[in-house]
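Put together the whole structure using the sequences plus the hints.
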Amino acid sequence: MATSMHAGMTPAPLHIAGERLMLDPAGLLAWPARQTLVVGDLHLEKGSAFARAGRFLPPYDTRETLSRLQLALRRWRPARLIALGDSFHDAEGSRRMAAEDAALLHRLLAGIEMLWVLGNHDPAPPAGLPGTAVEEYREGRLTFRHEARRGALAPAEISGHFHPKATMPTRCGGVTRPCFVADAWRVMLPAFGAYTGGLDAGDPAIAGLFPRGARLFLLGRDRLYSLPTGPVRARPAAAATGSAKDGAATDTGAG
Amino acid sequence: MRTLPEPFAGWFAARGWTPRPHQLALCRAAAAGESALLIAPTGGGKTLAGFLPSLIALADRPRRAGPGALHTLYVSPLKALAVDIARNLLAPVEALGLPIRIETRTGDTPQNRRARQKEDPPEILLTTPESLLLLLSQPEAATYFAGLGAVVVDEIHALAGSKRGDQLALALSRLATLAPAARRVGLSATVAHPEPLRAFLSPTGRAGDVRLIQVRGGAPPALSVVLPEGHLPWGGHMGLASAPEIYRRIEAARVTIVFVNTRAQAELVFQALWKLNDAVLPIALHHGSLTIEQRRKVEAAMAAGRLRGVVATASLDLGIDWGDVDQVIQVGAPKGVARLLQRVGRANHRMDEPSRAMLVPANRFEVVECAAALEAVRHEELDGDAPRPGGLDVLAQHILAMACHAPFRPDDLHAEVTRAAPYAGLSRRDFDDVLRFVEDGGYALRVYDRFRKLFRDAEGLVHVRDQRVARQLRMNLGTIVESPMVKVRLRGGPVLGEVEEWFVSTLEPGDNFMFAGQALRFEALDAMSAVVSRGGEGELRVPTYAGSRMPLSTWLAARVREILHEPRKWRLLPAPVQDWLRLQRRRSALPEKDGLLVETFPRGGRWFMVAYCFEGRLAHQTLGMLVTKRMERAGFAPLGYLATDYVLATWSAFEPEGIEALFEEDLLGEDLEEWMAESSMLRRTFRNIATIAGLIEKHHPGHEKRPRQMTMNADLIYDVLRKHEPDHILLRATRQEAAGGLTDVARIGLVLARARGRIRHMRLDRVSPLAVPALIEEGREWVAGGAEDALLAEAAALVEEVTGGDEIFAETLAEVTEGIRVRAGVVDTPRHRHGKERPRRARFVRSAPKSLNDA
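Chains as they are written, first to last, in the numbering used here: chain A, 1 to 255; chain B, 1001 to 1855.
Bear in mind the hints are in silico, worked out from the structure with no lab data behind them. Yeah, the Cβ is synthetic: ideal placement off N, Cα and C, and Gly gets one too. Hints may contain errors.
[As the list claims (entries may be wrong)] Example chain A residues on the side facing chain B (calculated, C-beta under 10 Å, incomplete):
hint : residue
1    : Pro59
2    : Asp61
3    : Met168
4    : Val175
5    : Gly193
6    : Tyr195
7    : Leu218
8    : Leu227
[Unchecked claim] So these bits of chain A aren't anywhere near chain B, every CB distance computed over 12 Å:
hint : residue
9    : Pro32
10   : Arg77
11   : Ile112
As structure tokens, then:
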């Protein structure tokens, strides 16, 4: 696995459960020791899912997402790619892909071991694509799953699902970016798809998973910007009703 | 027609009225079957004039029943106005026993009454542009409007030139196809340029085909400027220093409307007045973010004479006449003359008595602006924008609505659309591209064919696919796109109104803010609303709303420049302001009428540059981005800038030199395109266009979407579309609207043209008197796009500085989790290391850009 930097892109190391992981400013996570690259919610074919419902979003999201993935794959040259679920916006997504886009995806995955973790949007393995589909996957001390599991972990978890984003205060107002959220047991990846928005990392659905506080890594053009968050404050009952699903719906619209 | 026919003449006489000349003139135009535009000041019996010909015609007409009975359609921008007019019209109709039914149809009309109106329409129907388009999208529209004799468009000056106006113009064009004999009547307040309004009303799009009836005169308004006692503020826009004076004036009058410029200002002024309100005068609050019920309650109390004062925003600019208002107070600069007169006209609705109004400037520049506005009113000069082409997003909505009505031929629809004045110049290419967008998105990559909304039959007729498409359209109809809002609800109580979502996102439970005239404490955000309780204490925040401040009009800006430059005109200004200008003349120079004064001076380790452009905040914002970009290239290391209505101020690490080069005219061509594409203004424009055109939905059948879910994808869509199909019709529409509609780009052109060869650069050793208001202004800006990362870097570096540079990543995490007992089996939790021996991980935390460190 290539560990050399692509011009201008500076990943940040993160140690979790004794493993050294690299957070990539493009929003991916690399595990150099296992030659593995991990990507969060791709939501491929979200555009065409909306088109089916009468909203003609530009049909270029799959192409855009894949070309961003292509850059990351060139940068890291991994032996294995793990997609953390919601890789397609819906179960029929893989069948709707334009021929060109499908060909590009096949090319990207050639010679790479592909692991599709299943998500709530794509509960079945994608049709006609290489790779293995799993509900969750455990290797060494790390468990890869779509949605973070509440409570104690054994020992560490890599997840997606929530599309975390955060706003960093600057002297000219807040700047909002997708972000990683991490503590000593978990890393939550930002969504990777071109049409995926975000849920604020302070939302109880996310913050509740990091009761002792966490560190946020906001995606920048060529590096990450780190911001600590405090432990979750006791919030009134009304706040807790904003469930995880509500939050995720922000990003996934018709889902 | 010299007099009115009976029984109308008798009815007028019985009330001691004589028909006014313009009322008779409209009757004559109607008798000749001509369309007419009536321009008259408020209080001229304008509305009755618009309806008289219809009442006369209907008095003699045998009563019809069923579809086709509709004779007169009235369209107003306000639902409340339609309801009020209906009430007023009932007086003569009932007194004379005329066989006329008058009904309203708005978004509030219950379903059963709509159904009944469809079967058995009234003679006169009062509605809004949105409800009219809904009616026109029905398959039965052709028979429904077949008997139409007249269309009355009220407050036409407020509609023309806006997207709602575009929508209405297209609807009128369709009405002309369905009922070619129907004449049109436009009712307008006094405007500077009636020609665009005539064209807007015209069935052909040509002004000459509409008769113009103008009522001049009325008593000129009595205006004065009121300054706060004691110190005249240097900066600020709220005008709170004048609260005691405003309160005294309210006490001394019967009923006062206190107009302010923003909703935040309304809350603050309202609060300030109640602090002084020892006499417990009934003073209310009215602005667009309060609930409808709340606003109606205030309006009803006003109409019933139960209020002594109301603090209001533009939400009361239009609307129902209250005869009892005897005084208008404008707090903050008026920003435009036409707007000022509109507001002043809200006092005293009798034409022969002057309206009384007071202007309360909030700072020194606003004093000059108020003086300029007063002078303009005295000379009866109004400002007004040139008409802009109709929006392509509105056209997209219209095309789909027309397809829902009945199959059409593209040629016919194109011809009909171009008869509407805003679309007279619409190219066939744009029309066809919009049509294709409605059909299947109109993308070069044609992958949505099987999802298309429209299809063409063998004869070339365009049909809508199914009723689901029609239902979706009807749920999303309209051209008003609001920022995502969140309801504010008292715990266990009613909804108080709405604030913008971003404001709520900055609140922590326990934070206090001011809204709906009350101090509130934020408790929590539930699924639908922000839950609050009464009685917030301490520092109160006030919600602000994006884009709520109007920029200074070009025309008023020119007058301000003239006064500043012309010491003879200073007699119009109060003594402290005169002193201020004299000091400026001594220390630096006065801005010239034609030319550009630029000052540079060091302050606090930075170099400031202040350019006195006077072209409005929006134009200055854009100019600021362009100029700072050049400064960066020139190596001055600009750190930030700020735009007010009057000046552009920048600050940089190094002294700016060669000022002329910074303001050269090619600035526009060279950098504008690039900057524009990245700017938040263009993104905002795209979001509105994408929403109106139907790309992003406000509502989806079966899913009641929360508004905050609407916005999120517009930026992502914009980025993807710009990269993969930059010439798509929606992006063309976005650029067209941003360049033409918002006029600020044109205004930058004016600044640069004025500056050419006429820049006066004053290099000072300290801040000049005129620059002080700018430097204490809030709301400083940083260059968008690339600079965001610089800001992030700076902020991250600061955080790091505070938390200690050595404890990043695992170390930090360990510290965060220090003290937590490590569970059995979790052996590898990193322990906190005191990092003295550890070097900084320079690869991650790089130093901030040089320019930032120099600050």
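Distal placement of A:Ile112 relative to chain B, Cβ over 12 Å: A:Ile112 clear of chain B: closest Cβ-Cβ about 25 Å, beyond 12 Å.
Interface hint status, A:Tyr195 versus chain B (Cβ within 10 Å): With a closest approach of 5 Å, the A:Tyr195 hint holds.
Cβ separation check - A:Pro32 to all of chain B, threshold 12 Å: The claim holds: A:Pro32 sits with its nearest Cβ about 14 Å from chain B, beyond 12 Å.
Interface hint status, A:Leu218 versus chain B (Cβ within 10 Å): At about 7 Å, which falls below the 10 Å cut-off, the nearest Cβ of chain B leaves the hint on A:Leu218 intact, so it holds.
Per-residue hint verdict: A:Pro59, partner chain B, C-beta under 10 Å: holds (5 Å)
Chain B contact restraint on A:Gly193 - CB to CB distance below 10 Å: Interface hint status for A:Gly193: holds (9 Å vs cutoff 10 Å).
Least C-beta distance from A:Arg77 to chain B larger than 12 Å: For A:Arg77, whose nearest Cβ neighbour in chain B is about 20 Å away, the distance exceeds 12 Å, so it holds.
Hinted contact A:Leu227 with chain B - closest CB pair below 10 Å: holds (6 Å)
Proposed interface contact between A:Asp61 and chain B, which counts if any beta carbon pair is under 10 Å: holds (6 Å)
Status of the A:Met168 interface restraint (C-beta, 10 Å, chain B): holds (5 Å)
Interface hint for A:Val175, Cβ within 10 Å of any Cβ on chain B: Given a least distance of 5 Å, the restraint on A:Val175 holds.
Checked against the numbered hints given earlier, the structure satisfies every one of them.
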